[in-house]
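Using our numbering, the letters of the sequence shown map in sequence onto residues 1 to 580.
Worth flagging that the hints you see were computed from the coordinates, not collected in a lab.
Bear in mind the structure is a predicted one, so any value in this text is a computation, not a measurement.
Hints may contain errors.
[Stated by the list, open to error] BS3-like, lysine-lysine: derived pairs with alpha carbons at most 25 Å apart:
1) Lys255 - Lys108
2) Lys303 - Lys333
3) Lys413 - Lys255
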Amino acid sequence: MELSHLRFVLQLQFSPYEKAVILLKKIQFPVPPPPPETMEKFASEKPVPVSKNEIPTVPSQKKPDTNSCPHAPAKCLTSGGVSTENCKANEKERQWIRPDTPSKCTWKLGKPLSASPHHHTTLPEPPKILPSILNKVGNTPMVRINKIGKHFGLKCELWIGLALAAAVKGYRCIIVMPEKMSMEKVDVLRALGAEIVRTPTTARFDSPESHVGVAWRLKNEIPNAHILDQYRNASNPLTHYDTTAEEILQQCDGKVDMVVVTAGTGGTITGISRKLKEKCPGCKIIGVDPEGSILAEPEELNKTDKTTYEVEGIGYDFVPTVLDRSTVDQWYKSNDEESFAMARIMIREEGLLCGGSSGSAMSVAVKAAKELKEGQRCVVICPDSIRNYMSKFLSDKWMIQKGFMKEEDLGNKPWWWNISIQELSLSAPLTVLPTVTCAKTVEILREKGFDQVPVVDESGVILGMVTLGNMLSSLLVGKVKPSDEVRKVIYKQFQQINLKDNLGKLSHILEIDHFALVVHEQIQYHTDGSSSKRQMVFGIVTAIDLLNFVPPHTQCSVLSFIFSPLISSRAAFILHILLM
Numbered sequence: 001m002e003l004s005h006l007r008f009v010l011q012l013q014f015s016p017y018e019k020a021v022i023l024l025k026k027i028q029f030p031v032p033p034p035p036p037e038t039m040e041k042f043a044s045e046k047p048v049p050v051s052k053n054e055i056p057t058v059p060s061q062k063k064p065d066t067n068s069c070p071h072a073p074a075k076c077l078t079s080g081g082v083s084t085e086n087c088k089a090n091e092k093e094r095q096w097i098r099p100d101t102p103s104k105c106t107w108k109l110g111k112p113l114s115a116s117p118h119h120h121t122t123l124p125e126p127p128k129i130l131p132s133i134l135n136k137v138g139n140t141p142m143v144r145i146n147k148i149g150k151h152f153g154l155k156c157e158l159w160i161g162l163a164l165a166a167a168v169k170g171y172r173c174i175i176v177m178p179e180k181m182s183m184e185k186v187d188v189l190r191a192l193g194a195e196i197v198r199t200p201t202t203a204r205f206d207s208p209e210s211h212v213g214v215a216w217r218l219k220n221e222i223p224n225a226h227i228l229d230q231y232r233n234a235s236n237p238l239t240h241y242d243t244t245a246e247e248i249l250q251q252c253d254g255k256v257d258m259v260v261v262t263a264g265t266g267g268t269i270t271g272i273s274r275k276l277k278e279k280c281p282g283c284k285i286i287g288v289d290p291e292g293s294i295l296a297e298p299e300e301l302n303k304t305d306k307t308t309y310e311v312e313g314i315g316y317d318f319v320p321t322v323l324d325r326s327t328v329d330q331w332y333k334s335n336d337e338e339s340f341a342m343a344r345i346m347i348r349e350e351g352l353l354c355g356g357s358s359g360s361a362m363s364v365a366v367k368a369a370k371e372l373k374e375g376q377r378c379v380v381i382c383p384d385s386i387r388n389y390m391s392k393f394l395s396d397k398w399m400i401q402k403g404f405m406k407e408e409d410l411g412n413k414p415w416w417w418n419i420s421i422q423e424l425s426l427s428a429p430l431t432v433l434p435t436v437t438c439a440k441t442v443e444i445l446r447e448k449g450f451d452q453v454p455v456v457d458e459s460g461v462i463l464g465m466v467t468l469g470n471m472l473s474s475l476l477v478g479k480v481k482p483s484d485e486v487r488k489v490i491y492k493q494f495q496q497i498n499l500k501d502n503l504g505k506l507s508h509i510l511e512i513d514h515f516a517l518v519v520h521e522q523i524q525y526h527t528d529g530s531s532s533k534r535q536m537v538f539g540i541v542t543a544i545d546l547l548n549f550v551p552p553h554t555q556c557s558v559l560s561f562i563f564s565p566l567i568s569s570r571a572a573f574i575l576h577i578l579l580m
């Protein structure tokens, strides 16, 4: 089996996990400006006064912006662009535009471009000196790969697109992203002048606490703000229809037999697939969707017990408006383990500094490409780079902590490595109910000398964690009041460990987190004969517990494992002397 061309593209775009709110103080367009009606829409949006305790509303318009396509039906929304679907009975009516409103785009295969209601651009010849970094998007070079294809029985070439993100001059930018996104993303965005707001990873897209809901709240609280809304924005797929797909066709001389694309907002796969279906009718479009997401078809592919995944930027719990699944010939489901393993192979074997979702695309490509005949071409779209994942899948310890690598893959380990957690002397767990006030919880933590405490329901099931620092900061900025219930400051992004796990696994966790929650499972039987598993709190373990367990003459080895990312070997030696 041989493929003559296997390509990768890293395309500059707003990532699917980011929801941006931009103040339109001044507008500079490096490409032809949008149609006048778009600017009229911006001008028609008036700030709406919103009290702190109310759910913000969307300004009422004569013709609500019901969809990214001008031909979308108004019946999807109520007056003012309000969707009341899936709202809780006791929740105030939320005025927002759903990111999964049914698309009524008029595009059809074979329809002339002149009939399109959208503004299209062409690929210009790049000047020798670029006006700004924004003009660097596109025109990516070809590079041959030599090892991955041979390993999987393929012969391939590679197209790498290196894209640089530039701060938009003169705009205030607020990025709303889930908590699971890497700190590298946060640091880069802050360096570019953006303000960062984090939201719970587990929040449903239609929840007010989700990144979508929070972005709408900010949009209505901040005068002259606008949501880019990549889930509904027609420019999302249009960019890839007009540019990305055209670049692929130019580089491949119009001959493309298969394209493998991951799906997030759906803009990339929609734009590319539509153009290639027009220019290369026989081209097979392969969609990649992670396990735990619902974008793939048929629906049976999405059946899984997984609700979360570590790969960033792809997959969703709703189908975005801009995603046209009718142009995808076949869907594959990717998983975290194969995705990160493939990304590491791409880095090690080919020198491609790519991210996790690029690994997802390639892990599917090596399977799908086996259906092709010798000499046919497969293009693989790689949407991310390594920059945002330096502390994640590049780290062996992070991979082991997440279960994507085995401890046996590491080198020499200290004597205490395989000792189980149950050998530690853990104190009886302190827990609080979600109805306890913030003031009382702070008082309890100070009295008992703890920094964090699990929040459990009446039956002992874990709801989340609260920390003293987080509560105090929330109280100081007015996010919560002392009389508010502690459930308002619960967070669920914490590490759990079982009694039978070893101290080596614990040391990996403590390299990243300040503590780990020790849990044990219980099987509960119900009156109908069914059973369910639930996790109960056994205790909280910190680096101090581990240090107290290890004899003083070996504590330096523990410190080197736990604190190596933070302190030098000399500092570790000094700490060892102080502990003796």
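Each hint tested on the structure:
1. Lys255 - Lys108: Holds, at roughly 22 Å.
2. Lys303 - Lys333: Satisfied, since the Cα-Cα distance of roughly 11 Å is no more than 25 Å.
3. Lys413 - Lys255: Not satisfied, since the Cα-Cα distance of roughly 53 Å exceeds 25 Å.
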